[in-house]
Amino acid sequence: MSQILENPRGGCVLAGISSVLAAINKVCPVFHSGPGCCMQTTAAEQGQSGHKSSCFVSGVSVPSSNMLEREVVFGGAGKLKTTIQGAIDIIDADAYFVLTGCTAGIIGDDIARVTEEFQKKGHNVYPIETPGFAGDSNLGYEIVWNTLIDQVIEENVPGDDKLVNVFGIVPYHDPFWSGNLEEIKRILNRLGLKVNTFFTDHQGMEDIRKCSGAALNIIINPWLFKGPAKKFEEKFGVPSIRIPGLPIGAADTTKFIHQVAEALKLDNDMVETVIAQEEDYVYHYLAQSIGVVSWKRFAIVADANSAVGLTRYLANDFSFTPVLVIISEPIFREEDKQRIISEISDLEYAKPPKIVFTADQYEINQAILTEEEDISLLIGSSNEREVGLQKDIQFLLASFPMSERLVLNRSYAGYRGSLTFTEDLYDNL
Amino acid sequence: MAKVQYSGVRESRTGRINDLGTTGKEAEENFKKGCLKRADRSFAQGLQCQQINSMAALMSLEDAVFISHSPQGCVGCSIMAVDMFRVGQAHRGIKNIRNPRIIVTNIDQKSVVFGGEEKLREAVKKAVERYHPKLIFIYASCASGIIGDDIDAIAADLQKEYEAVIVPIHCEGFKSKICASGFDAAFLAINEYILKREQLPKEEGLINLFAPTTISYADQKEMERMLSLLGAKVNYIPFYSSLEKIKRIPAAEASTSICKVFADEFMKTLWEDYNIPYSHTVMPIGIRNTDKWYRGIAEVIGKEKEVEEIIAREHERIEPLVEKLKKRLEGKRVFICGGTGRSFAAAALIDDFGMELVGLETPTYDEDAQVDIEYLNGIHKDFVLDIANMQPFEQVNLVKKLKPDAFIGVPEWAAKLGVPTTHVLDGKRPTMGYDGLLFLGNKIADQLENPGFNKKLAKHVKLPYKDSWYEEDAFKYIAGGN
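Chains as they are written, first to last, in our numbering: chain A, 1 to 429; chain B, 1 to 482.
Excised from the complex, chain A in its bound form (with noise of 0.2 Å):
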């Protein structure tokens, strides 16, 4: 069930499927779709995420059968087959992923059916027949992983204990994706692990496919991947651990480590040098800039996983004080939303924020409008920029969706990025 909202974040799953695919390198997606949907979802996604868009294939390189009226009435598997024969004969990627319209999911063509016999010739063809209107981009992270899990990842890969799986930090959804699983995979790798991103360092599908060989999937998001998560300890035996929020800052980054540490166990003097030095480093960096970034009482406005890692960060270790946390995505079970709010209200010496769940923009700046105490700091995604004017508050944007920055490689995870981030925060004003 989806609601009516006003500017909306983000785009439909068909979105959020062709996004995530898109990250991973050397998958093309194919949709068998309306005319507009690859520049739609393209733009809803990787063009609301700090400007930058698959290396790969997106927008409107993405093949398409662009249905129209006559597809509508017929139906569209014969445009749908010469696509995909082009799509392998000319582009060079790994797999193709047919994706359904709304168009096709309406009129109900069976993708299934046109795949099969690609399969058949041994192309890597996958149908995924979640049309657009099943939902919004999140649901798409999880679609892709149970794709993923029931037709490409293969079972009985010889297992590995030092490989772990980084799940829950969502392509694009997050603007720092990229950022955040180097720094994430650079904190793992110190501690002697090998890590699936699955999208940096050009990871692809031969990594996916070997991935049930991990020894732990780690699940960074507070609500993601559960269904996913259960079904592949189920079909592949690897167990999960979830990290509820983005770690940024040392507590929350050295609890990070803990957690996997006595999940893998670790050797505990290894794990505890790591440790020490990461945390000097930062607090070597910290002890340079003493009050430069002065006191503020903030809001913030983010998806679930960011809103949480950053209402940590800044209350815990920052010394800030938390007014106002809006989370500006759709949740939808009761556990997670009591998970949420837990952890951006268990601080350890600031009072707990006011928690607002709502991705209906009108109710968040209403939110934002009303709030009786001071606010001297607003984080917020573009959508937020106009509140912030009109209230007169100090506005960083980070996070999504995101126009006005231009984001590559940076980082707000971990224990580097929670310098960058601070660094952000920074006003002269």
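One should not assume that every hint holds.
As the list claims (entries may be wrong) - The list that follows gives simulated cross-link-like pairs (lysine-lysine, DSS-like), each with its CA atoms no further than 27 Å apart:
1. B:K466 <-> A:K121
2. A:K185 <-> B:K462
3. B:K403 <-> B:K25
4. A:K26 <-> B:K456
5. A:K26 <-> B:K459
6. B:K476 <-> B:K25
7. B:K443 <-> A:K52
8. A:K81 <-> B:K37
9. B:K292 <-> B:K428
10. A:K185 <-> A:K231
11. B:K324 <-> B:K455
12. B:K462 <-> A:K52
13. B:K400 <-> A:K26
14. A:K26 <-> B:K416
15. B:K110 <-> A:K337
16. A:K52 <-> B:K455
17. B:K381 <-> B:K401
18. A:K81 <-> B:K466
19. A:K194 <-> A:K265
20. A:K226 <-> B:K110
21. B:K400 <-> A:K52
22. B:K476 <-> A:K121
23. A:K255 <-> A:K162
24. A:K391 <-> B:K95
25. A:K52 <-> B:K466
26. A:K120 <-> B:K466
Keep in mind that the hints were calculated from the coordinates and are not lab data.
These numbers come from a predicted model, not from an experiment.
Put chain B on the given structure of chain A with help from the hints.
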């Protein structure tokens, strides 16, 4: 014979085609002989749907709420118009930059089975309660169209209840392959629901100047300056306008448009329904096209003599500067890709600089294109002509074979081939009129003289296509049409 109302679907005009691989000369001859037939591509990449254009066209209107009766994904591209709107406000000196009010009904599985009427009614109610707008636009989508929601009937019913003018727009994506149809759908609805063929007394000297979202503020000022030199008052619409300005449209003495495929059909309607003469020429990019555009509107308002004096003055000012640019650009071979208006305008522009056209990619071929092609054939040797809405796979194949010195258009793909690129659709900076010409010329020349970025990029980044594709005929997948 009763007048048949234009459907808003551009394909419905005879002689207009979208898929063709040819040359300038061949296209001109075959069009004359009536031999250009509608074709299709058996393999294609994504297009731009008309709904994108319908939304972008109106996104900057004041006192309006935009309701997309669709799943959430269909407002994806509106972010480009939203960005342009925010930047446009900054350029216009507005301090408290605001968001446009976009509400998506979020058609879902339940709506697909039971219809989306309730959601649409609820969305309109929210729009009214939240913003008390003067205008509410309802955009159809592929999904709403196929499930058969009657947005006209729902709008008519809601209109009884609310004061805001409710305007349903039929921009279902599957109805047209030509995204400019979306402009027509929006204007048809404006005529139907706002102007309603009611006649107004004419305001002396008032000109409707139609402009899409992609026109920068610098360009707006330049066009207004040029028209005011002719003694005209400008009603700049619909970008940054309002219900009041839209209602003034019938009071104008003449109309013209900055973009060739924006409001061209609507200006015909304004002539038929309100007796407003119009000028439909070219996009005012480059000396030749700016002159042509300027003379076009001057003629309609009876200022032929005045315009010649101004043009002479402008030429005197601009020509020495263009001459300097010409020295830097003469003889360079160019490939151009753009929308209908800009691609042809850019092709004419490069002639000002003495550059040579080797390839042109443009979305549609019709009577209008024929006029441009005849002109281009007169000044350039036989160039390759790809009638395509983007289709990067064909573009890179052609660019690699033709090896142009410069590429004008969306830079993403040619840049990865190492060719110096210049974007001609920069809605945040100047492009139009006599001054825009210098900005563009300098941009092209600077890129040509300092191409390091693209050259180095090409060494490190590969396009997604197989090497074998570049050996194939670029038009291999165009089927039918002969």
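The hints, checked one at a time:
| no. | hint | in the structure |
| --- | --- | --- |
| 1 | B:K466 <-> A:K121 | 19 Å, holds |
| 2 | A:K185 <-> B:K462 | 26 Å, holds |
| 3 | B:K403 <-> B:K25 | 20 Å, holds |
| 4 | A:K26 <-> B:K456 | 21 Å, holds |
| 5 | A:K26 <-> B:K459 | 18 Å, holds |
| 6 | B:K476 <-> B:K25 | 20 Å, holds |
| 7 | B:K443 <-> A:K52 | 23 Å, holds |
| 8 | A:K81 <-> B:K37 | 24 Å, holds |
| 9 | B:K292 <-> B:K428 | 24 Å, holds |
| 10 | A:K185 <-> A:K231 | 24 Å, holds |
| 11 | B:K324 <-> B:K455 | 26 Å, holds |
| 12 | B:K462 <-> A:K52 | 17 Å, holds |
| 13 | B:K400 <-> A:K26 | 22 Å, holds |
| 14 | A:K26 <-> B:K416 | 16 Å, holds |
| 15 | B:K110 <-> A:K337 | 25 Å, holds |
| 16 | A:K52 <-> B:K455 | 20 Å, holds |
| 17 | B:K381 <-> B:K401 | 17 Å, holds |
| 18 | A:K81 <-> B:K466 | 20 Å, holds |
| 19 | A:K194 <-> A:K265 | 15 Å, holds |
| 20 | A:K226 <-> B:K110 | 24 Å, holds |
| 21 | B:K400 <-> A:K52 | 25 Å, holds |
| 22 | B:K476 <-> A:K121 | 23 Å, holds |
| 23 | A:K255 <-> A:K162 | 20 Å, holds |
| 24 | A:K391 <-> B:K95 | 12 Å, holds |
| 25 | A:K52 <-> B:K466 | 24 Å, holds |
| 26 | A:K120 <-> B:K466 | 22 Å, holds |
Checked against the numbered hints above, the structure breaks none of them.
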